[in-house]
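Asks: The residues making up each chain are set out below.
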Amino acid sequence: MEFCYFPGCTLKNKAKDLDRCARLCAEILGVKLTELPEWQCCGGVYVSTSDDVAVKLASVRALIAAEERGLPLLTVCSACHNVLKRTEHDLRTNAEFAAKVKAYTGSEYKGTVKVVHYLEMLRDLIGYEKIRSAVKYPLDGMKIGCYYGCMLLRPGRVMRTDNPEDPVIMEELIKALGGEPVAFPERSECCGAYTYAESETLTEKRSERVVQSAKNCGAEALVTACPLCKYNAGKYGDLPVLYFTELTAKAFGV
Amino acid sequence: MKNIVSREEIIEMSGTDPAKCMKCGKCSASCPAYDEMEYPPHRFVYMIDQGNIGPLLECVGIYRCLSCYACVDRCPRGVEPAKLIEAVRVIAERKKEGNRIKAGELFEKADADMPSQAFSAAFRKYTK
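Taken in order, these protein sequences are the chains called A and B.
The numbering of the first sequence is the numbering used here, which starts it at 4 and goes up by one.
The numbering of the second sequence is the numbering used here, which starts it at 1312 and goes up by one.
Hints were generated in silico from the structure; no laboratory data involved.
Ideal placement from N, C-alpha and C gives every residue a C-beta, glycine not left out.
A hint or two may mislead.
Pairwise CB distance ranges (calculated) [unchecked claim]:
(1) B:Glu1319 / A:Asp241: 46 to 52 Å
(2) A:Lys15 / B:Arg1388: 49 to 55 Å
(3) A:Lys117 / B:Ala1421: 30 to 36 Å
(4) B:Gln1361 / A:Ile31: 54 to 60 Å
(5) B:Ile1315 / A:Glu71: 42 to 48 Å
Taking lysine to aspartate or glutamate and the EDC-like style, the derived pairs with C-alpha atoms no more than 16 Å apart in a straight line are [to be verified]:
(6) A:Lys17 / B:Asp1424
(7) A:Lys253 / A:Glu30
(8) A:Lys19 / B:Asp1424
(9) B:Lys1413 / A:Glu168
(10) A:Lys238 / B:Asp1422
(11) A:Lys208 / B:Glu1347
(12) A:Lys35 / A:Glu5
(13) A:Lys105 / A:Asp55
(14) B:Lys1420 / A:Glu207
(15) A:Lys146 / A:Asp241
(16) B:Lys1439 / A:Asp54
(17) A:Lys17 / B:Asp1422
(18) A:Lys238 / B:Asp1424
(19) A:Lys15 / B:Asp1424
(20) B:Lys1331 / B:Asp1360
(21) B:Lys1337 / A:Glu168
(22) B:Lys1420 / A:Glu203
(23) A:Lys208 / B:Asp1360
(24) B:Lys1439 / A:Asp55
(25) B:Lys1420 / A:Glu201
With these hints in hand, go ahead and build the complete structure from the sequences.
Replies: In structure tokens, the structure reads:
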């Protein structure tokens, strides 16, 4: 099983563990991740206005590169996944956007690339049974709050990663690794994201609330796929925050 | 900037129609930035529908929307308030001189552990 891999900017510096553990676990599971030879930052956030074409070109180029190789495009970061999946959707469903992109890049996207999040790969292509059998050190009933945040799930009609109001994709992974997932009310609400330069209180209030709600429900740690969720929840809360790939690598003993 | 942006321009930029709103308030109930917006999502949608766009172009709420899409997914009428807020923000940025925040400030206000994802996103949201 082979994928074109789009790590994204953050996985090359502050979120190196997210990337390193993703690669190690892929190897154990017999998945080949071939990093795109040239990729540019996705922009960190999707811009929805109809005439903003240039900001999506980095994603378009990654999609065209994956299409040329005939491989699905895999991401681990929630933000990259959100931007790539939505841009891919735009290319297939918005003829005006696709025509402008073609004029800019000189290449045409035919619409054959499947954008896959690492969690989707684990669920749909590997299966939790195989994951369970790869576990050497089960998480021993560790109580874990799966923190989805916003970008992995929404907009649900485009992302289709999981049911945005009742996601289970991370909980199922935690169970397969021997942990005990803990439900909490803020698990699919925003951490406050990128507003640090705009408001002094928004990320603090949001992240405190997320972590407190997880603690109230008995979580001993949070797990996430998003570097910004990890940063904000870790800065303003008092629970350990881990990447899902870190926990998987720990359970696999790599 | 008052009243120089039409309701139709916002509809075209956002691709969504504020007239479909039935004022249930679910968007504002879901909004994680509600406390920091002068015009929370349901009122924002109503003001656009009424063509009262001048105050929206000047408000700080357009920079506090987190683009989390909770309002979009939970709207029973498919209005997509986040897309309307984004359209007003983009138009406001393009019309003013300079940017909401200078690129240098984004780095000054950051700390050493902040992921680059935060800079990229803030740069995209607070500059032209």
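Asks: Do the alpha carbons of Lys1337 of chain B and Glu168 of chain A lie within 16 Å of each other, as the hint requires?
Replies: Within the cut-off at roughly 14 Å; holds.
Asks: Assuming the hint says 46 to 52 Å, is it satisfied by the Cβ distance from Glu1319 of chain B to Asp241 of chain A or not?
Replies: holds, 49 Å
Asks: Going straight from one Cα to the other, do Lys17 of chain A and Asp1424 of chain B come out at no more than 16 Å?
Replies: holds, 7 Å
Asks: Hint check: Lys208 of chain A vs Glu1347 of chain B, CA-CA at most 16 Å. Holds or violated?
Replies: It holds: about 11 Å lies between the C-alpha atoms, which stays within 16 Å.
Asks: Take the C-alpha atoms of Lys1439 of chain B and Asp54 of chain A, compute the straight-line distance between them, and say whether it is at most 16 Å.
Replies: OK: Lys1439 of chain B and Asp54 of chain A at ~13 Å, within 16 Å.
Asks: At the C-beta level, are Lys15 of chain A and Arg1388 of chain B separated by a distance inside 49 to 55 Å?
Replies: violated, 42 Å
Asks: Taken at face value, is the distance from the CA of Asp1422 of chain B to the CA of Lys238 of chain A at most 16 Å?
Replies: holds, 11 Å
Asks: Is Lys238 of chain A within 16 Å of Asp1424 of chain B, Cα to Cα?
Replies: Distance ~9 Å between Lys238 of chain A and Asp1424 of chain B Cα, so the pair holds.
Asks: Take a quick look at whether Lys15 of chain A and Asp1424 of chain B sit within 16 Å of each other, Cα to Cα.
Replies: Holds: Lys15 of chain A and Asp1424 of chain B sit about 13 Å apart, inside 16 Å.
Asks: Are Lys253 of chain A and Glu30 of chain A close enough, with their CA atoms no more than 16 Å apart?
Replies: holds, 14 Å
Asks: Holds or violated: are the alpha carbons of Lys1331 of chain B and Asp1360 of chain B at most 16 Å from each other?
Replies: holds, 9 Å
Asks: Taking only the CA atoms, is the gap from Lys19 of chain A to Asp1424 of chain B under or equal to 16 Å?
Replies: holds, 12 Å
Hint compliance for this structure: hints 2, 9 and 23 are not met, and every other hint is.
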